[in-house]
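**Q** Here is what each chain is made of, one letter per residue.
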Amino acid sequence: EPEVTQTPSHQVTQMGQEVILRCVPISNHLYFYWYRQILGQKVEFLVSFYNNEISEKSEIFDDQFSVERPDGSNFTLKIRSTKLEDSAMYFCASTLGQRDTEAFFGQGTRLTVV
Amino acid sequence: DAKTTQPPSMDCAEGRAANLPCNHSTISGNEYVYWYRQIHSQGPQYIIHGLKNNETNEMASLIITEDRKSSTLILPHATLRDTAVYYCIVRYLRGAGNKLTFGGGTRVLVKP
Numbered sequence: 001e002p003e004v005t006q007t008p009s010h011q012v013t014q015m016g017q018e019v020i021l022r023c024v025p026i027s028n029h030l031y032f033y034w035y036r037q038i039l040g041q042k043v044e045f046l047v048s049f050y051n052n053e054i055s056e057k058s059e060i061f062d063d064q065f066s067v068e069r070p071d072g073s074n075f076t077l078k079i080r081s082t083k084l085e086d087s088a089m090y091f092c093a094s095t096l097g098q099r100d101t102e103a104f105f106g107q108g109t110r111l112t113v114v
Numbered sequence: 115d116a117k118t119t120q121p122p123s124m125d126c127a128e129g130r131a132a133n134l135p136c137n138h139s140t141i142s143g144n145e146y147v148y149w150y151r152q153i154h155s156q157g158p159q160y161i162i163h164g165l166k167n168n169e170t171n172e173m174a175s176l177i178i179t180e181d182r183k184s185s186t187l188i189l190p191h192a193t194l195r196d197t198a199v200y201y202c203i204v205r206y207l208r209g210a211g212n213k214l215t216f217g218g219g220t221r222v223l224v225k226p
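In order, the protein sequences belong to chains A and B. Heads up: the first sequence at position 5 corresponds to 5 in the numbering used here, and the numbers run straight through without jumps. Just so we're on the same page, the numbering used here is the position in the second sequence counted from 1, plus 114.
Keep in mind that the hints are not guaranteed to be accurate.
Restricting the straight-line Cα-Cα distance to at most 25 Å, the calculated cross-link-like pairs of lysine-lysine (PhoX-like) are [unchecked claim]:
id : chain 1 : residue 1 : chain 2 : residue 2
1  : B       : K117      : A       : K57
2  : B       : K183      : A       : K42
3  : B       : K117      : B       : K166
4  : A       : K42       : A       : K78
5  : A       : K78       : A       : K57
6  : B       : K225      : B       : K117
7  : B       : K166      : B       : K183
8  : A       : K42       : A       : K57
9  : B       : K166      : A       : K78
Calculated from the structure, these hints are not laboratory results.
Between the sequences and the hints, there should be enough to build the whole structure, so can you do that?
**A** Dropping the structure here:
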């Protein structure tokens, strides 16, 4: 079964450092997403991406965040200067089309900012 | 997207059917009801979705009331691996993409 893969599974970084979280969506999917889940809290939408541009973003997704699809397979989330409150699980997801019913999620990257 | 209300937790006996309710009284005519689940901080997993007709797949059944103000997800024969948080989500299939708005969900514990 096709799957979304995320690397690394766990990343520890110092406050103020830049981090890049990587995702390989399902190969024929066209829409890509990042969500995050702070420990014990809800899963929150961050951003959606289509045709090499952001299609929607939440208020969480401020200037410290950016997304990129640098090649035909990877989809990355960059946090420029991490804060303690960025510690969370980050999930990448993809869908085949804009009206596709099923979003496929990766297993997540646990980001710990110390 | 319409707001949903789910019980925070419920227990279920292994091998029995698990019936998970969801209220969505403000749902509009072109909003779908989706169910996802999250097993122990893994990525959410799609289960099933519907508009107004009842739906069934290999994982579960979805029963939507005639007025569409509530629905029930049925896991016909719950197993220990079904222990998870189950999310009921109501959303449009709009052109902006597939954003999902997660609530608190129902934490289901399947007991032997």
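**Q** Holds or violated: K183/B with K42/A, Cα cutoff 25 Å?
**A** 23 Å, holds
**Q** Keeping to a limit of 25 Å between CA atoms, is the pair of K225/B and K117/B held or broken?
**A** Measuring from Cα to Cα gives roughly 30 Å; hence the hint is violated.
**Q** Is K117/B within 25 Å of K57/A, Cα to Cα?
**A** Holds, at about 20 Å.
**Q** Take the C-alpha atoms of K42/A and K78/A, compute the straight-line distance between them, and say whether it is at most 25 Å.
**A** Distance of about 21 Å is within 25 Å: holds.
**Q** Check whether the Cα positions of K42/A and K57/A lie no farther apart than 25 Å.
**A** 17 Å, holds
**Q** Are the Cα positions of K117/B and K166/B separated by 25 Å at most?
**A** 17 Å, holds
**Q** Given the hint that K166/B pairs with K183/B, does the C-alpha gap stay at or below 25 Å?
**A** Judged against 25 Å, a Cα distance of about 10 Å means the pair holds.
**Q** Does the structure keep K78/A and K57/A at a Cα separation of 25 Å or less?
**A** 14 Å, holds
**Q** Regarding the pair K166/B and K78/A, is the alpha-carbon distance no greater than 25 Å?
**A** 40 Å, violated
Violation of the numbered hints given earlier is confined to hints 6 and 9; the remaining hints are satisfied by the structure.
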